[in-house]
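Undergrad: Please build the complete structure, drawing on both the sequences and the hints.
There are 2 protein chains.
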Amino acid sequence: MTFFKKLEKRVRARQTYLCVGLDPVWGKIPEHLPHSQEGLLEFLLQIVNETKDHVAVFKPNFAYFEALGPSGMEVLQELIQKIPPEIPVIGDAKRGDVGHSSRMYAKAVFETFGCDAVTVTPYLGHDALEPFLDNPDRGVFVLCLTSNSGANDFQLPDLHLKVAKKVREWNIYGNAGLVVGATRPENIAAIREISGRMPYLIPGIGTQGGDLRNTLFYADDGSKIPYLISTSRSILYASSKEDFAQQAGTTARKLQDQINLCRSSL
Amino acid sequence: MTFFKKLEKRVRARQTYLCVGLDPVWGKIPEHLPHSQEGLLEFLLQIVNETKDHVAVFKPNFAYFEALGPSGMEVLQELIQKIPPEIPVIGDAKRGDVGHSSRMYAKAVFETFGCDAVTVTPYLGHDALEPFLDNPDRGVFVLCLTSNSGANDFQLPDLHLKVAKKVREWNIYGNAGLVVGATRPENIAAIREISGRMPYLIPGIGTQGGDLRNTLFYADDGSKIPYLISTSRSILYASSKEDFAQQAGTTARKLQDQINLCRSSL
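The listed protein sequences correspond, in order, to chains U and Z. Read in the numbering used here, the first sequence has 219 at position 219, and its numbers run on one by one without any break. Read in the numbering used here, the second sequence has 210 at position 210, and its numbers run on one by one without any break.
Honestly, the hints are just simulated from the structure, not real lab data. Every value quoted in this text rests on a predicted model; they were computed, and no experiment measured them. One thing to keep in mind: the hints can contain errors.
[Stated by the list, open to error] Derived DSS-like pairs (lysine-lysine); straight-line CA-CA distance at most 30 Å:
1. Z:Lys162 - U:Lys166
2. U:Lys254 - U:Lys52
3. U:Lys162 - U:Lys224
4. Z:Lys254 - Z:Lys82
5. Z:Lys107 - U:Lys241
6. U:Lys28 - Z:Lys107
7. Z:Lys165 - U:Lys166
8. U:Lys6 - U:Lys241
9. Z:Lys166 - U:Lys165
10. Z:Lys224 - Z:Lys9
11. U:Lys165 - U:Lys107
12. U:Lys107 - Z:Lys28
13. U:Lys82 - Z:Lys107
14. U:Lys162 - Z:Lys165
15. Z:Lys9 - Z:Lys166
16. U:Lys107 - Z:Lys241
17. U:Lys6 - U:Lys82
[As the list claims (entries may be wrong)] Which bits of chain Z does chain U cover? Going by a derived footprint, with three or more residues having C-beta under 8 Å, they are:
18. 58-70
19. 122-132
20. 160-174
21. 238-246
22. 253-262
Cβ atoms here follow ideal geometry from the backbone N, Cα and C, with glycine treated the same way.
TA: Now the structure itself:
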């Protein structure tokens, strides 16, 4: 089953547009868990287990596992294997290199680590994205307008629109999406006009303070999955005590409800 | 010792501007070597050993190790540990993410994998590059104008010049450089005018057909290390037989000489 079919099935089954990012940092993981490969995996699996009913996709961020070296990458691999198969996984890797190197990154994310989708960076252009897009069964979210302050340096005012336009052209298998931050909802309407229908992966709600209502309003494209609303830290570190997983589940449920309430009011 | 001091010492000692990329691919590694973690490491260490006298820096590309999973990342870690300490290592990772994730990538490349320098992608702007640049003892090569066809999609005509300008502003510790492809030497003069003095990491000579003479001419900034000329496949796969390492060494020496001859004729 392709990533987007799997996602559609999931969204329909659970009525959720929530993407939970898995970005483990030692200093924030509850202290009662062992500071080891096993402790890290246990932390993540408990989060997955308590939030999964409210989640459309999980999104492990490669940076946090890579920082822990080969053993961290082992945890990443095992984590992805243990996520229930009906929940798609986006490998948040922000990869992109010249063609032959991008092919290796696509192999890493899709085959070696078994992700259903990936985030990629557009700076190197078409031949850097093609090795990812060439997998019709996998999803490819291209950075367009990110949620950080640095978006002002190059992406704004125009580059992000050029990216949206090109990704639309390059989307021959219908497996592309865009990463669009919630911190600038006023820009989303213009991006939507250019990109046409494709799902947006939207970070920036939660700790980064994005405006949910306006974001959903401008990102809507009338399709079944116009967007996935992504949050990491507000769920992962909802509590630093033994109830961390239950608190994560409660926070995920609240956010799921909040998104659905917002959707129904638009 | 900082990356650039170490590099300067190395260039002075060996009179070489050659960067050898380490991008291992199973199908191209001599068949007599065992198809295992040990075989891969042996291949790379023999290449390192036979080319090292002609090399200013080694540049392992993370993509090729990541595709092999956690065991590939172990090989990468061990390889970097075994490169002679007087030869700096550039981690060719093309990383870049929002601030807190970039901090993890910087930790991965500089601490976990022990690289002296890194390649990064500028799309996410200043807060994505700062966690790398904030390490005054490490080198940070920012993608500016790459050697692939996709450079036409976003980097040209103007974005690469904006990147050069910003990197110059952000280079407060003097540890930044730019990645500038040799496939468009006519663009290098304009980049140099904007960036001022900083080393360029220049791929695209060799299999990609860049013009060495014009590249060196336009990239020169009158400093001790205006550039590093990077090549991977033409050296790594100079022979698929048992003499692969000697052939790699011969190819590296020839390229070292060719660069020096070109320099002296300008």
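Undergrad: If a hint holds in the structure, say so; if it does not, say that too.
TA: Going through the hints against the structure:
1. For a cut-off of 30 Å, the pair hint linking Lys162 of chain Z to Lys166 of chain U stands: about 20 Å separates their Cα positions.
2. Between Lys254 of chain U and Lys52 of chain U the alpha-carbon distance is near 13 Å, which keeps this suggested pair within the 30 Å criterion.
3. The straight-line distance between the Cα atoms of Lys162 of chain U and Lys224 of chain U is roughly 25 Å, inside the 30 Å bound, and the hint therefore holds.
4. Our distance criterion of 30 Å between C-alpha atoms is met by Lys254 of chain Z and Lys82 of chain Z, whose separation comes to about 25 Å.
5. At most 30 Å may separate the alpha-carbon atoms for a hinted pair to count; Lys107 of chain Z and Lys241 of chain U meet this at roughly 27 Å.
6. With a C-alpha separation of about 17 Å, the suggested pair Lys28 of chain U and Lys107 of chain Z falls inside the 30 Å cut-off, and the hint holds.
7. Using a Cα cut-off of 30 Å, the hinted pair Lys165 of chain Z and Lys166 of chain U holds, with the two alpha carbons roughly 25 Å apart.
8. For the suggested pair Lys6 of chain U and Lys241 of chain U, the alpha carbons sit about 34 Å apart, so the restraint of at most 30 Å is broken.
9. A C-alpha spacing of about 25 Å is found between Lys166 of chain Z and Lys165 of chain U, which places the hinted pair at or below 30 Å, so the restraint holds.
10. In summary, the hint linking Lys224 of chain Z to Lys9 of chain Z is supported, as the alpha carbons are separated by about 10 Å, within the 30 Å threshold.
11. Simply put, Lys165 of chain U and Lys107 of chain U have alpha-carbon atoms about 26 Å apart, close enough for the 30 Å limit, and the pair holds.
12. Pair hint Lys107 of chain U plus Lys28 of chain Z holds up; C-alpha atoms about 17 Å apart against a cutoff of 30 Å.
13. About 27 Å separates the Cα atoms of Lys82 of chain U and Lys107 of chain Z, which keeps this hinted pair within 30 Å; it holds.
14. Distance restraint check for Lys162 of chain U and Lys165 of chain Z: the Cα-Cα separation of roughly 21 Å lies within the 30 Å cut-off, and the hinted pair is therefore satisfied.
15. Using a Cα cut-off of 30 Å, the hinted pair Lys9 of chain Z and Lys166 of chain Z holds, with the two alpha carbons roughly 28 Å apart.
16. A threshold of 30 Å between alpha carbons decides the hint, and for Lys107 of chain U with Lys241 of chain Z the separation of about 27 Å falls inside it, so the pair holds.
17. Under the criterion of a C-alpha separation no larger than 30 Å, the hint pairing Lys6 of chain U with Lys82 of chain U is consistent with the structure, at around 17 Å.
18. Using a Cβ-Cβ cut-off of 8 Å, 8 residues of the stretch 58-70 of chain Z lie near chain U, which meets the minimum of three, so the contact claim holds.
19. Requiring three or more residues with a Cβ within less than 8 Å of a Cβ of chain U, the coverage given for the stretch 122-132 of chain Z holds, as 8 such residues are present.
20. Given a C-beta distance limit of less than 8 Å, the hint that chain U covers the stretch 160-174 of chain Z holds, as 3 residues qualify and 3 suffice.
21. Residues of the stretch 238-246 of chain Z with a Cβ under 8 Å from some Cβ of chain U number 0, which does not satisfy the need for three, so the listed coverage is violated.
22. A count of 0 residues in the stretch 253-262 of chain Z with a Cβ less than 8 Å from any Cβ of chain U is obtained; the coverage claim is therefore unmet, three being the minimum.
Violated hints, in rising order: 8, 21 and 22; the structure is consistent with all others.
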